[in-house]
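A.B. asks: Sequence:
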Amino acid sequence: MMLPPPRLAPRALACALLGAALACAPGAPDVPAPPSPRELAGGLDDATIAEIQKATDAVKADPASAELWAALGRAYETQDVHAGADAAFSAATKLSPGEAKLWYRAAIAAAKTGELERALSRLDTVNELEPGYGPAWRRRGTWLLDLGRADEARSAFERAAPMLPGVPDAPIGLARAALAMDEVALALKHARSAFDRAPTDPYVRLILGDALRRSGQADEALPHLEAGQGALPSYVDPW
-16 MMLPPPRLAP RALACALLGA ALACAPGAPD VPAPPSPREL AGGLDDATIA EIQKATDAVK
44 ADPASAELWA ALGRAYETQD VHAGADAAFS AATKLSPGEA KLWYRAAIAA AKTGELERAL
104 SRLDTVNELE PGYGPAWRRR GTWLLDLGRA DEARSAFERA APMLPGVPDA PIGLARAALA
164 MDEVALALKH ARSAFDRAPT DPYVRLILGD ALRRSGQADE ALPHLEAGQG ALPSYVDPW
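The sequence shown: position 34 = 17 (my numbering), numbered continuously.
Keep in mind that the hints were calculated from the coordinates and are not lab data. Only a predicted model underlies this, so the values are computations on that prediction, with no experimental measurement involved. Don't take every hint at face value.
[Stated by the list, open to error] Keeping only pairs whose Cα atoms sit at most 27 Å apart, straight-line, the calculated DSSO-like set for lysine-lysine is:
1) Lys84 - Lys43
2) Lys172 - Lys77
3) Lys37 - Lys77
4) Lys43 - Lys77
5) Lys37 - Lys84
6) Lys77 - Lys95
7) Lys84 - Lys95
8) Lys95 - Lys172
[What the hints assert, rightly or not] Label-pair distances were calculated between CB atoms; the ranges are:
9) Ser104 - Val219: 36 to 42 Å
10) Pro221 - Glu166: 30 to 36 Å
11) Glu166 - Ala30: 47 to 53 Å
12) Met164 - Gly81: 15 to 21 Å
13) Gln200 - Ala47: 57 to 63 Å
14) Ala33 - Pro80: 27 to 33 Å
15) Ala214 - Asp107: 39 to 45 Å
16) Thr31 - Ser104: 28 to 34 Å
17) Asp45 - Gly115: 31 to 37 Å
18) Leu205 - Ser104: 28 to 34 Å
19) Lys43 - Ser104: 24 to 30 Å
20) Ala33 - Pro182: 40 to 46 Å
21) Asp29 - Ala201: 33 to 39 Å
22) Lys43 - Asp134: 44 to 50 Å
Ideal placement from N, C-alpha and C gives every residue a C-beta, glycine not left out.
Sequences are here, hints too, so could you generate the full structure?
C.D. replies: See below:
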């Protein structure tokens, strides 16, 4: 009896579909050829497939262009085809390894495939190339929190704080890190600081409400928790 082929994880699928063994440009032997969008982005409508195919054809015409690989990554990213975005931005970083923005998009794409350790490794490169880009430190803190590494996350948010003045990104991250370490009074301090910066932000209100609730201030917490129910963070990110 023939066994069904094994299911591939998103990155393995992307690498397989990108033909990792194929060299597509002189001087860039480790950059694979792009796949057919219909293989990688199944389920999308024909018009969307055509747009991704256009970006794919551009890469095939000039496979040594990091800019065109990045455009292909953005085309996949826009449609939430994370494996495609990951593979395309990976190729872009190989062709232009000194471009911090490409590494940043590659890190985000890796995170969206669920590979946070690889995303953090790519952020290391971003932080080496552009150590003053605050959103990269904020994302580092967020992903470290997702991995349960609250103390390291706190350090990342502290690095982000002077680079992100006037917005709640760093203090709300510090509040979350403090809550993860059961430092409720410190969490409340940071959450109030975030609220002072963005009093209408529902995610900020959610974290503030949680800190208030855990500090025993249930009545004050309730309106914030109600306002923030189901909220997700929304951050400033020029890249």
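A.B. asks: None of the hints should be skipped; say for each whether it holds.
C.D. replies: Checked hints:
1. Lys84 - Lys43: Cα-Cα ~22 Å, so holds.
2. Lys172 - Lys77: Violated, because 43 Å separates the two Cα atoms, which is more than 27 Å.
3. Lys37 - Lys77: Holds, at roughly 22 Å.
4. Lys43 - Lys77: holds (16 Å)
5. Lys37 - Lys84: holds (23 Å)
6. Lys77 - Lys95: Given pair Lys77, Lys95 holds - Cα atoms ~20 Å apart, limit 27 Å.
7. Lys84 - Lys95: holds (17 Å)
8. Lys95 - Lys172: Judged against 27 Å, a Cα distance of about 31 Å means the pair is violated.
9. Ser104 - Val219: 36 to 42 Å: Because 24 Å falls outside the window, the suggested range is violated.
10. Pro221 - Glu166: 30 to 36 Å: holds (31 Å)
11. Glu166 - Ala30: 47 to 53 Å: holds (51 Å)
12. Met164 - Gly81: 15 to 21 Å: 37 Å Cβ-Cβ, so the 15 to 21 Å window is violated.
13. Gln200 - Ala47: 57 to 63 Å: Since the Cβ atoms of Gln200 and Ala47 sit about 60 Å apart, the hinted range of 57 to 63 Å holds.
14. Ala33 - Pro80: 27 to 33 Å: holds (32 Å)
15. Ala214 - Asp107: 39 to 45 Å: violated (30 Å)
16. Thr31 - Ser104: 28 to 34 Å: Holds, at about 31 Å.
17. Asp45 - Gly115: 31 to 37 Å: holds (32 Å)
18. Leu205 - Ser104: 28 to 34 Å: 42 Å Cβ-Cβ, so the 28 to 34 Å window is violated.
19. Lys43 - Ser104: 24 to 30 Å: holds (29 Å)
20. Ala33 - Pro182: 40 to 46 Å: Once the Cβ atoms are compared, 45 Å apart, the range 40 to 46 Å for Pro182 and Ala33 holds.
21. Asp29 - Ala201: 33 to 39 Å: For Ala201 against Asp29, whose Cβ atoms are near 53 Å apart, the range 33 to 39 Å is violated.
22. Lys43 - Asp134: 44 to 50 Å: holds (47 Å)
In terms of the numbered hints stated before, the structure departs from hints 2, 8, 9, 12, 15, 18, 21, listed from lowest to highest.
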